[in-house]
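Chain residues, written in single-letter form:
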Amino acid sequence: MIEHDTIAAIATAVGEGGIAIIRVSGPQAIQAVDRIFQTKQSLCDAASHTIHYGHIVNPDTNEREEEVLVSLMRGPRSFTAEDVVEINAHGGVIAVARVMDILLQQEDVRIAEPGEFTKRAFLNGRIDLMQAEAVIDLIRSKSDRAFAVARKQAEGVLSNKIKALRQNVIELLAHIEVNIDYPEHDVEEMTSQYIREQCEKTIVEIDHLLKTASEGKILREGILTAIVGRPNVGKSSLMNTLTQENRAIVTDIPGTTRDVIEQYVTLNGIPLRLLDTAGIRETSDVVERIGVERSRDAITEADLILFVLNNNEPLQEEDRELLKSLQGRSVIVIVNKMDLPTKLELDEVIPFLNGGSIVKMSMLQQEGLDQLEAAISDMFFEGKLEANDLTYVSNVRHISLLKRAKQSMHDAIEATYAGIPIDVIQIDARLAWEALGEILGDEAGDSLIDQIFSQFCLGK
Amino acid sequence: MGYTAKQYDVIVVGAGHAGCEAALAAARMGCDTLLLTINLDMVAFMPCNPSIGGPAKGHVVREIDALGGEMGRNIDKTFIQMRMLNTGKGPAVHALRAQADKFMYQHEMKKTIESTPNLTLRQGMVDELIMEDGRCVGVVSQTGARYHAKAVVVTTGTYLRGKIIMGELMYESGPNNQQPSIKLAACLKENGLELIRFKTGTPPRVNGETIDFSKTEIQPGDENPKFFSYETKESNVEQIPCWLTYTSESTHKIINDNLHRAPMFSGAIEGTGPRYCPSIEDKIVRFADKPKHQIFLEPEGRNTLEYYVQGFSTSMPEDVQLDMIRSVPGLENAQMMRNGYAIEYDAVVPTQLWPTLETKKIEGLFTAGQINGTSGYEEAAGQGIIAGINAARKVQGKEPVIIGRADGYIGVMIDDLVTKGTNDPYRLLTSRAEYRLLLRHDNADLRLTPLGYEIGLITEERYQAFLRKKELVELEIQRLQETKIKPSDVKALLDEAGSAELTQGGSVILLLRRPEVTYEMLEKHFPSPYELTEEMKEQVEIQIKYAGYIEKQLQQVERLNKMERKRIPEDIDYQDIKGLANEARQKLELIRPLSIGQASRIGGVTPADISVLLIYLEHYNRVTAAKGS
Numbered sequence: 001m002i003e004h005d006t007i008a009a010i011a012t013a014v015g016e017g018g019i020a021i022i023r024v025s026g027p028q029a030i031q032a033v034d035r036i037f038q039t040k041q042s043l044c045d046a047a048s049h050t051i052h053y054g055h056i057v058n059p060d061t062n063e064r065e066e067e068v069l070v071s072l073m074r075g076p077r078s079f080t081a082e083d084v085v086e087i088n089a090h091g092g093v094i095a096v097a098r099v100m101d102i103l104l105q106q107e108d109v110r111i112a113e114p115g116e117f118t119k120r121a122f123l124n125g126r127i128d129l130m131q132a133e134a135v136i137d138l139i140r141s142k143s144d145r146a147f148a149v150a151r152k153q154a155e156g157v158l159s160n161k162i163k164a165l166r167q168n169v170i171e172l173l174a175h176i177e178v179n180i181d182y183p184e185h186d187v188e189e190m191t192s193q194y195i196r197e198q199c200e201k202t203i204v205e206i207d208h209l210l211k212t213a214s215e216g217k218i219l220r221e222g223i224l225t226a227i228v229g230r231p232n233v234g235k236s237s238l239m240n241t242l243t244q245e246n247r248a249i250v251t252d253i254p255g256t257t258r259d260v261i262e263q264y265v266t267l268n269g270i271p272l273r274l275l276d277t278a279g280i281r282e283t284s285d286v287v288e289r290i291g292v293e294r295s296r297d298a299i300t301e302a303d304l305i306l307f308v309l310n311n312n313e314p315l316q317e318e319d320r321e322l323l324k325s326l327q328g329r330s331v332i333v334i335v336n337k338m339d340l341p342t343k344l345e346l347d348e349v350i351p352f353l354n355g356g357s358i359v360k361m362s363m364l365q366q367e368g369l370d371q372l373e374a375a376i377s378d379m380f381f382e383g384k385l386e387a388n389d390l391t392y393v394s395n396v397r398h399i400s401l402l403k404r405a406k407q408s409m410h411d412a413i414e415a416t417y418a419g420i421p422i423d424v425i426q427i428d429a430r431l432a433w434e435a436l437g438e439i440l441g442d443e444a445g446d447s448l449i450d451q452i453f454s455q456f457c458l459g460k
Numbered sequence: 001m002g003y004t005a006k007q008y009d010v011i012v013v014g015a016g017h018a019g020c021e022a023a024l025a026a027a028r029m030g031c032d033t034l035l036l037t038i039n040l041d042m043v044a045f046m047p048c049n050p051s052i053g054g055p056a057k058g059h060v061v062r063e064i065d066a067l068g069g070e071m072g073r074n075i076d077k078t079f080i081q082m083r084m085l086n087t088g089k090g091p092a093v094h095a096l097r098a099q100a101d102k103f104m105y106q107h108e109m110k111k112t113i114e115s116t117p118n119l120t121l122r123q124g125m126v127d128e129l130i131m132e133d134g135r136c137v138g139v140v141s142q143t144g145a146r147y148h149a150k151a152v153v154v155t156t157g158t159y160l161r162g163k164i165i166m167g168e169l170m171y172e173s174g175p176n177n178q179q180p181s182i183k184l185a186a187c188l189k190e191n192g193l194e195l196i197r198f199k200t201g202t203p204p205r206v207n208g209e210t211i212d213f214s215k216t217e218i219q220p221g222d223e224n225p226k227f228f229s230y231e232t233k234e235s236n237v238e239q240i241p242c243w244l245t246y247t248s249e250s251t252h253k254i255i256n257d258n259l260h261r262a263p264m265f266s267g268a269i270e271g272t273g274p275r276y277c278p279s280i281e282d283k284i285v286r287f288a289d290k291p292k293h294q295i296f297l298e299p300e301g302r303n304t305l306e307y308y309v310q311g312f313s314t315s316m317p318e319d320v321q322l323d324m325i326r327s328v329p330g331l332e333n334a335q336m337m338r339n340g341y342a343i344e345y346d347a348v349v350p351t352q353l354w355p356t357l358e359t360k361k362i363e364g365l366f367t368a369g370q371i372n373g374t375s376g377y378e379e380a381a382g383q384g385i386i387a388g389i390n391a392a393r394k395v396q397g398k399e400p401v402i403i404g405r406a407d408g409y410i411g412v413m414i415d416d417l418v419t420k421g422t423n424d425p426y427r428l429l430t431s432r433a434e435y436r437l438l439l440r441h442d443n444a445d446l447r448l449t450p451l452g453y454e455i456g457l458i459t460e461e462r463y464q465a466f467l468r469k470k471e472l473v474e475l476e477i478q479r480l481q482e483t484k485i486k487p488s489d490v491k492a493l494l495d496e497a498g499s500a501e502l503t504q505g506g507s508v509i510l511l512l513r514r515p516e517v518t519y520e521m522l523e524k525h526f527p528s529p530y531e532l533t534e535e536m537k538e539q540v541e542i543q544i545k546y547a548g549y550i551e552k553q554l555q556q557v558e559r560l561n562k563m564e565r566k567r568i569p570e571d572i573d574y575q576d577i578k579g580l581a582n583e584a585r586q587k588l589e590l591i592r593p594l595s596i597g598q599a600s601r602i603g604g605v606t607p608a609d610i611s612v613l614l615i616y617l618e619h620y621n622r623v624t625a626a627k628g629s
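Protein chains in written order, with my numbering: chain A, 1 to 460; chain B, 1 to 629.
It should be emphasised that the hints constitute simulated quantities derived from the structure, not laboratory data.
Positions of the beta carbon are idealized from the N, C-alpha and C atoms, including for glycine.
Be a bit skeptical, because a hint or two may be false.
Below, in silico cross-link-like pairs of lysine-lysine (BS3-like), each with a Cα-Cα straight-line distance of 27 Å or less [what the hints assert, rightly or not]:
1) A:324 - A:343
2) B:360 - B:566
3) B:420 - B:469
4) A:403 - B:552
5) B:111 - B:226
6) A:163 - B:420
Where chain B lies over chain A, by a calculated footprint (3+ residues, C-beta under 8 Å) [unchecked claim]:
7) 178 to 188
8) 399 to 407
The following block holds chain A by itself, in its conformation from the complex (with noise of 0.2 Å):
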């Protein structure tokens, strides 16, 4: 909401094309991208209207992160009328969030809001006014559905864990407070022991989120799923299925595990890495053994195993062992070939479940895809998959979030040994806060004066 600031987005819809456009738009638009990015000439010496070709380099380590082409526009020839940068990344969503990531670290960018850059435009005359109700419609329906996500996202993990660490804070913040505004009132004294204390306790939760969201796996790169099963129950249709039926492909990621190969699709906005041990088996024993093999290392890597059966063919010794594997996993049972007879005891199948649901398909028919999805949004919603609440933790902006308050408690730390009076301090305090809150889509408001007068008991 505040204007003329520098802001940032990835332009391009998520899970269209392997090109995605980060769009940076605002008066520190082009010294933000220059500090990051490696070319011949400074973006800052050139002219408008160019494109050049270099890395994104992460400044903290100074290594090169992604081969970017960057075009740049100067204001007011420009979408938004101000300065701007676009950045084009081919190496699709993962290098796209990382480039994000490096972006935002930037103090002088910030993620931009639902339809912002066609505020701009607007804002800035260059969108003419018979435009400007269409305007309001996508910045409210943009702003609906992430409002409509915020609500989903408050019921969940990650929303408690992040008011949990807000409780931490605010707390302090109160303590500070009352220190201030009843400095003779028998209330324990704010020390800086205790001040570091509450910080780094913050600091280490920060960090525990922000560690599951990089060491994985969720949305940056997917639900980790793998298809397994015996030789010819049905894999490889199924990826097909997946990837071919859904229009949102992402992208294909060249294979960090060789024969594997991973797909990356979003179901019900679930992102998913599909890796497939289909389509390497089926021409020897041999072959046959390692695909097997391959199953089992997936099984172990893997946050969900989409375990498939042939409805046709009673259970294998095969089958058994692989199902005896998966005990303690989040698994979803696929009877495939529902057209054929029934062969199947299921019966058997159960005991191996542990709460697991069973989803009866027919791929040929293409039928069960509807119950395949519904089976894992209920387990990602409802918690059953581990990890789930990391998944918001993983969008750009959270982390960003995150890391804004977590520089915050490390700077009230610093200052505390620098002898910088509590009131002071405080300010950092609250940005952690308040950078908090943002996550939640929560108002800063009256709430610490709440806390304050809830914690101590003050007055005349």
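Chain B: place on chain A using the hints.
Frame of chain A, contents of chain B only:
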């Protein structure tokens, strides 16, 4: 009955802390002003604590003084103890607090008012407003006098339908058994103002002769007292100490045994009390784990033995109050001179006000002080001066004065009140300010004196002195900046300060940035060519020491101001704006914010609503411009 009395420019109803500032400001700005009060002996009366200042509140007193108001000068003339609080913390929250001789305080203020040109002080109770075409053009007194005026400022404090409650006893009354104002409330309601019921309370007073001070701790004043007013240079009064004691287990037992008789819990009190100033029974119920609570014994004046029992506010019945008092160490034999009591009163829902403190419904009618839902003498006075200034400027056809959130606690308070309203009596706290580091006790003059001068409340002489101070501070900072040093030059100085050696040379300012190095140390090695007062040195030190943080806050303020400068036209029709969420639309219609900045602080108005509003305004402006050309 009734007769037409004199016509004035501005009438102020009520001569408490808000009314006095309002009337003085209007009169000093050249308006023929009438100040009406129910009882002439109650001018600037302190019905509760005999004390002024403290964090945020003391800041407000400084701001009132910087604007040319009276409260600071008046307390400087009448204090019996002065203490600077929070000295162990940063300069932004240093806070001066005075114990007043409450009788002298009243007399001094009354004398000042009586001797101010253009100002008439008159005893009289106002029963009605005179209305003309929806505008307020005067007031009618109980005795039938019809006073006409171009603007009216109502400051009824806790008098408006006041009701005193003490145990089972309940009666209509203003504070300290004064006559309440009953009819005016009905008149305000009839004219469309929404009223709410608030409550506050005061503790018993005891005779100092009967206090055993040996069981208490002494709380003396500062040896070298500072003052509230920038004009006060010295004072040689003898200070009187306060005393600290605590509630005992027995106090808590007496209270718990008698809760059924406490109006707080029996349902006799309907008004909402202040959270920050709970009664002792409230504290003991809500914080049951706390074994004892502080009690300060504060003298009410130099020529009385009456002591105020701070921390002991109560509305228990008299017999219980007596037992409670005598359970406190030091007060075993205390003679209670006045009971504590709770008082309920009517207040105006403050979101019905413009930031100028004029009501939106009734043009020409301003309200200030406790009637606007606040609590505290300083809060009242801060609103009083603004209401007085704006009433006068309205009469004179000038632009209103609004103090921004980054310019003063007064601005924070008024913006909070008119934008968010309040659910309980509002007290200023430093934590309500976003830019605390800018709103310091020391720099109130730098923030507000140019404004005070511009509106005519600061004399030429004082303004010139202010400019001189500002200039010298700037020159001294510049001098320090330009004084270059090598590490070897300052080794002795840094050793003395217990500070690490410099690794490379630079400006002297680098030294002062270190928390352990003071201006005083620096001064010895690098004496200033200018004649600087202590006040100026303090300013130099603070501005240099906290420059980094101050700069950060200034940047935030710059962003805030961009939003504040986007004005919303008064005739905007929120029904006409497609895309606003319903809640936001209702709130915006109610508050009618003057700027996008103010709109963004309304609860329930989301960033998306603000974007929609911005786009609508741009649309509106372009259409208006097109029509114009």
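Check whether the Cα positions of residue 163 (chain A) and residue 420 (chain B) lie no farther apart than 27 Å. holds, 24 Å
Measure nothing beyond the straight line between the CA atoms of residue 111 (chain B) and residue 226 (chain B); if it is 27 Å or shorter, mark the hint as holding. Given pair residue 111 (chain B), residue 226 (chain B) holds - Cα atoms ~24 Å apart, limit 27 Å.
Below or equal to 27 Å on CA atoms is what counts here, so check residue 420 (chain B) against residue 469 (chain B). With Cα atoms ~38 Å apart, residue 420 (chain B) and residue 469 (chain B) exceed 27 Å; violated.
Tell me whether the statement that chain B covers the region 399 to 407 of chain A is true, taking a Cβ distance below 8 Å and needing three residues at minimum. Answer violated; 0 residues pass the 8 Å Cβ test.
For the region 178 to 188 of chain A, do three or more residues have a beta carbon lying closer than 8 Å to a beta carbon of chain B? holds (count 8)
Are the Cα atoms of residue 403 (chain A) and residue 552 (chain B) separated by 27 Å or less? holds, 19 Å
Given the hinted pair residue 360 (chain B) and residue 566 (chain B), is their alpha-carbon gap at most 27 Å? Measuring from Cα to Cα gives roughly 21 Å; hence the hint holds.
Hint consistency between residue 324 (chain A) and residue 343 (chain A) [alpha-carbon to alpha-carbon, up to 27 Å]: Given that 27 Å is the threshold and the Cα spacing comes to 21 Å, the pair holds.
Hint compliance for this structure: hints 3, 8 are broken, all remaining hints hold.
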